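Student: As a plain string of letters, each chain reads:
Number of protein chains: 2
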Amino acid sequence: MHRRDFVQQALLGSAALAAWPRTGLLRPDGAFIHQTLRVNGERLNGWLTAFDRVGRTATGINRVAYSPADLEGRAFTLDLFRQSGLTPRIDAAGNIVARVPGTRADAKPIVIGSHIDSVTDGGNFDGPVGSFAAIEVARTLAESQRRLVHPLEVVVWQNEEGGTYGSRCWAGLVSEADLDKVARSGKTIREGIGLIGGNVAQLASVHREAGSVHCYLELHIEQGGLLEKAGLQIGVVQGIVGLRWFEITITGFANHAGATPMDQRQDAMLAAARFTVAVNDAVRRVPGRQVATVGRVNVTPNTTNVIPGQVVLTVDLRDIEQRTIEQFTQTFEQLGRDIGAATGTQFRFSRLTDSKPALADARVMDLVQGAATTLGFTQQRMPSGAGHDAQEMAHLGPMGMIFIPSVGGISHSPREFSHAADITNGANVLLQAVLAADRALD
Amino acid sequence: MHRRDFVQQALLGSAALAAWPRTGLLRPDGAFIHQTLRVNGERLNGWLTAFDRVGRTATGINRVAYSPADLEGRAFTLDLFRQSGLTPRIDAAGNIVARVPGTRADAKPIVIGSHIDSVTDGGNFDGPVGSFAAIEVARTLAESQRRLVHPLEVVVWQNEEGGTYGSRCWAGLVSEADLDKVARSGKTIREGIGLIGGNVAQLASVHREAGSVHCYLELHIEQGGLLEKAGLQIGVVQGIVGLRWFEITITGFANHAGATPMDQRQDAMLAAARFTVAVNDAVRRVPGRQVATVGRVNVTPNTTNVIPGQVVLTVDLRDIEQRTIEQFTQTFEQLGRDIGAATGTQFRFSRLTDSKPALADARVMDLVQGAATTLGFTQQRMPSGAGHDAQEMAHLGPMGMIFIPSVGGISHSPREFSHAADITNGANVLLQAVLAADRALD
Chain E
1 MHRRDFVQQA LLGSAALAAW PRTGLLRPDG AFIHQTLRVN GERLNGWLTA FDRVGRTATG
61 INRVAYSPAD LEGRAFTLDL FRQSGLTPRI DAAGNIVARV PGTRADAKPI VIGSHIDSVT
121 DGGNFDGPVG SFAAIEVART LAESQRRLVH PLEVVVWQNE EGGTYGSRCW AGLVSEADLD
181 KVARSGKTIR EGIGLIGGNV AQLASVHREA GSVHCYLELH IEQGGLLEKA GLQIGVVQGI
241 VGLRWFEITI TGFANHAGAT PMDQRQDAML AAARFTVAVN DAVRRVPGRQ VATVGRVNVT
301 PNTTNVIPGQ VVLTVDLRDI EQRTIEQFTQ TFEQLGRDIG AATGTQFRFS RLTDSKPALA
361 DARVMDLVQG AATTLGFTQQ RMPSGAGHDA QEMAHLGPMG MIFIPSVGGI SHSPREFSHA
421 ADITNGANVL LQAVLAADRA LD
Chain A
1 MHRRDFVQQA LLGSAALAAW PRTGLLRPDG AFIHQTLRVN GERLNGWLTA FDRVGRTATG
61 INRVAYSPAD LEGRAFTLDL FRQSGLTPRI DAAGNIVARV PGTRADAKPI VIGSHIDSVT
121 DGGNFDGPVG SFAAIEVART LAESQRRLVH PLEVVVWQNE EGGTYGSRCW AGLVSEADLD
181 KVARSGKTIR EGIGLIGGNV AQLASVHREA GSVHCYLELH IEQGGLLEKA GLQIGVVQGI
241 VGLRWFEITI TGFANHAGAT PMDQRQDAML AAARFTVAVN DAVRRVPGRQ VATVGRVNVT
301 PNTTNVIPGQ VVLTVDLRDI EQRTIEQFTQ TFEQLGRDIG AATGTQFRFS RLTDSKPALA
361 DARVMDLVQG AATTLGFTQQ RMPSGAGHDA QEMAHLGPMG MIFIPSVGGI SHSPREFSHA
421 ADITNGANVL LQAVLAADRA LD
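First to last, the protein sequences are chains E and A. So for the first sequence, the numbering used here puts the first residue at 1; every next one is plus one. So for the second sequence, the numbering used here puts the first residue at 1; every next one is plus one.
One should not assume that every hint holds.
20 Å max Cα-Cα, derived SDA-like pairs, lysine to any residue [as the list claims (entries may be wrong)]:
#1 A:Lys229 x E:Ala201
#2 E:Lys229 x A:Thr249
#3 A:Lys181 x A:Leu195
#4 A:Lys229 x E:Gln266
#5 A:Lys356 x A:His395
#6 A:Lys356 x E:Ala92
#7 E:Lys108 x E:Glu321
#8 A:Lys108 x A:Pro151
#9 E:Lys356 x A:Phe349
#10 E:Lys108 x E:His207
#11 A:Lys229 x E:Asp263
#12 A:Lys356 x E:Asn305
#13 E:Lys181 x E:Asn305
#14 A:Lys108 x A:Glu209
#15 A:Lys181 x E:Asn305
#16 E:Lys181 x E:Ala201
#17 A:Lys356 x A:Gln327
#18 E:Lys229 x A:Glu209
#19 A:Lys181 x E:Thr304
#20 A:Lys181 x E:Thr303
#21 E:Lys356 x E:Gly172
#22 E:Lys356 x E:Lys108
#23 E:Lys229 x A:Ala342
#24 E:Lys229 x A:Gln264
#25 A:Lys229 x E:Lys108
#26 E:Lys356 x E:Glu321
#27 A:Lys229 x A:Val407
#28 E:Lys229 x A:Lys181
To be clear about the criterion: a stretch of chain A counts as covered by chain E if any three or more of its residues have a C-beta under 8 Å from a C-beta of chain E, and this derived list gives those stretches [said to hold, decoys possible]:
#29 44-54
#30 127-134
#31 149-161
#32 164-173
#33 217-225
#34 362-368
To be clear, the hints were calculated from the coordinates, so they are not data collected in a lab. Note that the coordinates shown come from a computational prediction; the quantities given were computed from them, not determined experimentally. Quick reminder that beta carbons are idealized off the backbone N, C-alpha and C, glycines included.
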């Protein structure tokens with residue numbers, strides 16, 4: 001089905017009208033708008049405000065997975081589930097899951113959720129916004145006595161920031177070796193899962209098959225500044241960008257900073273600087289939303305009066321198109337050859353990480369966009385530059401994400417902030433998208 | 001006196017002929033050349049070869065001041081003094097000094113020498129060449145029974161690489177606080193001086209007044225590649241460059257490397273890279289031998305997936321002209337403002353070190369150049385980009401230095417090397433310059 005037709009059917013056509021929540025009205029332009037079914041934004045934002053004290057330190061929110069603050073946050077969240085009429089359980093992977101049965105016995109579940117763990121010195125919005133909005137959506141549905149055709153699963157994933165562990169367990173992508181990795185809390189993933197009430201011996205029990213999920217929807221703060229800068233309310237996420245991490249070793253020759261003339265140097269830091277500038281220029285020269293970052297730079301011998309003999313730096317390259325990643329890989333390698341030749345240095349490239357883009361489902365994007373449009377919100381389509389549990393859930397079924405603005409584009413920082421109105425808007429889009437998806441994706 | 005006339009007088013004029021060593025001949029072009037008084041190059045290079053085992057490790061020569069290898073090197077050197085008929089003593093600063101009386105009782109001394117301590121993982125030529133050549137010059141004079149008008153002092157300075165401590169004591173520039181600084185050996189300067197036979201309680205006894213030295217001459221390897229590249233045998237040193245060390249703190253804003261669009265970043269590393277390239281371009285654009293090096297770069301948080309929020313880097317700027325240092329200081333500060341404005345970052349400059357150029361005496365340069373020319377060596381005038389004990393001795397009297405080529409321009413490295421023929425040439429220039437200075441500088 002053509003996408004536009006599909007949305008029209010879902011939102012406006014006769015089938016959609018039958019499927020759409022019954023209380024509502026048609027706007028003069030023909031759009032159908034549901035008047036009564038809205039989340040309780042005040043309640044949702046009240047939860048977030050109360051949650052701000054959990055893991056709050058002088059340097060930011062510190063709710064890293066498996067830490068005491070993470071446990072406290074999970075207890076807080078379990079309480080929210082319960083007071084919202086949901087019955088939460090801890091699955092074997094340590095995720096908090098509540099299931100609301102649907103009207104059709106054999107229907108696949110609609111899954112909504114996010115995470116509550118934070119990075120070190122992070123903020124209170126990355127994760128909790130989507131987690132609490134999912135609870136609020138389920139509560140709104142329950143309070144309005146609206147029962148979906150599909151089961152609704154509300155999930156708060158464990159240890160998203162450490163590597164989307166909870167959702168990766170559902171996708172069957174966590175290995176025994178992964179379980180032995182040490183998380184930021186100092187505990188292994190294995191120990192951490194046990195600590196939060198999971199059971200690694202039963203990990204296979206949470207693994208779901210591809211195609212077993214009706215759709216997955218996640219509300220999240222943007223973490224960048226595109227929406228705020230454009231003055232838009234909602235981002236319709238096209239997917240999570242693919243990522244390639246390069247580690248580049250630049251070898252020159254360490255020599256005396258005073259006695260070596262400028263034209264006789266093999267200065268690895270000068271080469272690294274030229275490369276850093278050239279990578280930035282190359283990525284900005286081409287239209288698109290690709291990003292590249294030189295984030296880690298280690299200089300040898302790193303002494304004021306010695307020309308650097310070696311620099312090891314990293315480039316973090318991301319785009320929603322794998323083709324773009326491949327093209328810039330070529331560009332960067334060519335820059336390394338050219339700058340190496342010009343500076344008498346050698347560039348050696350290796351890769352630390354390589355993950356492919358996780359695309360949102362085209363139909364789910366249309367549903368999210370339709371919901372936002374119907375609610376009267378300004379919006380645009382955009383990739384997610386950050387990783388999310390949604391990228392793992394894309395293995396199990398159609399996936400979509402909803403972004404709301406981050407003030408100043410700041411995240412992973414104590415200065416991370418989103419306005420209450422935007423959070424409410426996002427939760428309402430999530431609610432409307434769930435309702436539309438319940439009728440439209442089979 | 002005009003410099004050219006002065007040299008002609010010293011080398012060719014009637015007064016010079018009277019003063020010049022008596023055995024010699026006039027070349028067809030009128031230059032007077034001394035035939036018999038030459039150093040024993042084989043002996044000198046034999047000493048250097050034997051010395052190569054002292055402090056030799058798998059990673060280079062490690063003869064850092066006050067280390068066991070330094071002590072072993074000093075014992076080796078004391079033995080050279082003695083077998084050369086010199087009577088060495090350890091002065092209160094720990095320098096090895098031998099004095100050969102002159103024929104005129106009230107004459108100020110001619111001082112020649114260098115050092116034998118090395119950097120970590122250094123080579124066998126930086127220091128020992130000039131130290132052993134000074135001993136060889138005194139020995140040659142003694143063997144030829146040539147007595148100078150002026151006393152000749154042969155000095156092997158202690159701890160040159162750690163900050164020209166031995167010669168700074170002569171210049172009265174070592175403070176009590178300096179004595180408490182910790183040297184690379186792990187010992188304080190105070191402890192080190194005691195260990196090598198000095199006596200810090202008597203340190204004032206080594207302090208000499210300005211004007212108390214007839215002249216100071218030091219032979220040294222170039223440590224850069226100018227002479228080798230130009231195919232020249234001798235460098236007539238114009239002085240030791242002035243040096244200014246900047247520490248520059250660049251503050252941007254750390255943010256998510258995936259979610260932050262390229263045009264919304266305040267990337268401190270990008271700013272640092274642009275600055276590094278711009279400093280290099282600026283210094284190379286202007287004719288001259290000024291050098292600038294970004295040698296130390298520390299990035300925060302230095303993580304692959306975070307846009308750097310802060311970079312602290314150093315610039316080492318050197319030139320023989322103080323005016324040039326002031327001009328580039330202005331240039332760098334302007335670059336900081338411009339690049340800061342362009343990248344949304346702030347540059348804060350501070351200075352770690354500031355030392356003025358130590359100029360060679362014009363008459364001494366002429367004598368060195370005359371000696372090199374007379375001996376038939378190709379030569380050029382050039383600054384020393386590296387620091388030397390000569391810079392301290394410039395406080396006490398006319399100073400000059402003689403450079404010989406460093407293969408590949410490499411120093412402070414196990415790959416440091418100078419050819420035996422060049423070392424012999426340098427020692428002969430030192431000998432001839434001492435003889436000329438003995439007659440010419442009063």
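Student: Indicate, hint by hint, whether the structure satisfies it.
Tutor: Evaluated hints:
| no. | hint | verdict |
| --- | --- | --- |
| 1 | A:Lys229 x E:Ala201 | violated (70 Å) |
| 2 | E:Lys229 x A:Thr249 | violated (29 Å) |
| 3 | A:Lys181 x A:Leu195 | holds (15 Å) |
| 4 | A:Lys229 x E:Gln266 | holds (15 Å) |
| 5 | A:Lys356 x A:His395 | holds (12 Å) |
| 6 | A:Lys356 x E:Ala92 | violated (70 Å) |
| 7 | E:Lys108 x E:Glu321 | violated (29 Å) |
| 8 | A:Lys108 x A:Pro151 | holds (7 Å) |
| 9 | E:Lys356 x A:Phe349 | violated (43 Å) |
| 10 | E:Lys108 x E:His207 | holds (15 Å) |
| 11 | A:Lys229 x E:Asp263 | holds (11 Å) |
| 12 | A:Lys356 x E:Asn305 | holds (16 Å) |
| 13 | E:Lys181 x E:Asn305 | violated (40 Å) |
| 14 | A:Lys108 x A:Glu209 | holds (11 Å) |
| 15 | A:Lys181 x E:Asn305 | holds (19 Å) |
| 16 | E:Lys181 x E:Ala201 | holds (17 Å) |
| 17 | A:Lys356 x A:Gln327 | holds (14 Å) |
| 18 | E:Lys229 x A:Glu209 | violated (69 Å) |
| 19 | A:Lys181 x E:Thr304 | holds (18 Å) |
| 20 | A:Lys181 x E:Thr303 | holds (18 Å) |
| 21 | E:Lys356 x E:Gly172 | holds (17 Å) |
| 22 | E:Lys356 x E:Lys108 | violated (26 Å) |
| 23 | E:Lys229 x A:Ala342 | holds (19 Å) |
| 24 | E:Lys229 x A:Gln264 | holds (9 Å) |
| 25 | A:Lys229 x E:Lys108 | violated (77 Å) |
| 26 | E:Lys356 x E:Glu321 | holds (9 Å) |
| 27 | A:Lys229 x A:Val407 | holds (9 Å) |
| 28 | E:Lys229 x A:Lys181 | violated (54 Å) |
| 29 | 44-54 | violated (count 0) |
| 30 | 127-134 | violated (count 0) |
| 31 | 149-161 | violated (count 0) |
| 32 | 164-173 | violated (count 0) |
| 33 | 217-225 | holds (count 4) |
| 34 | 362-368 | violated (count 0) |
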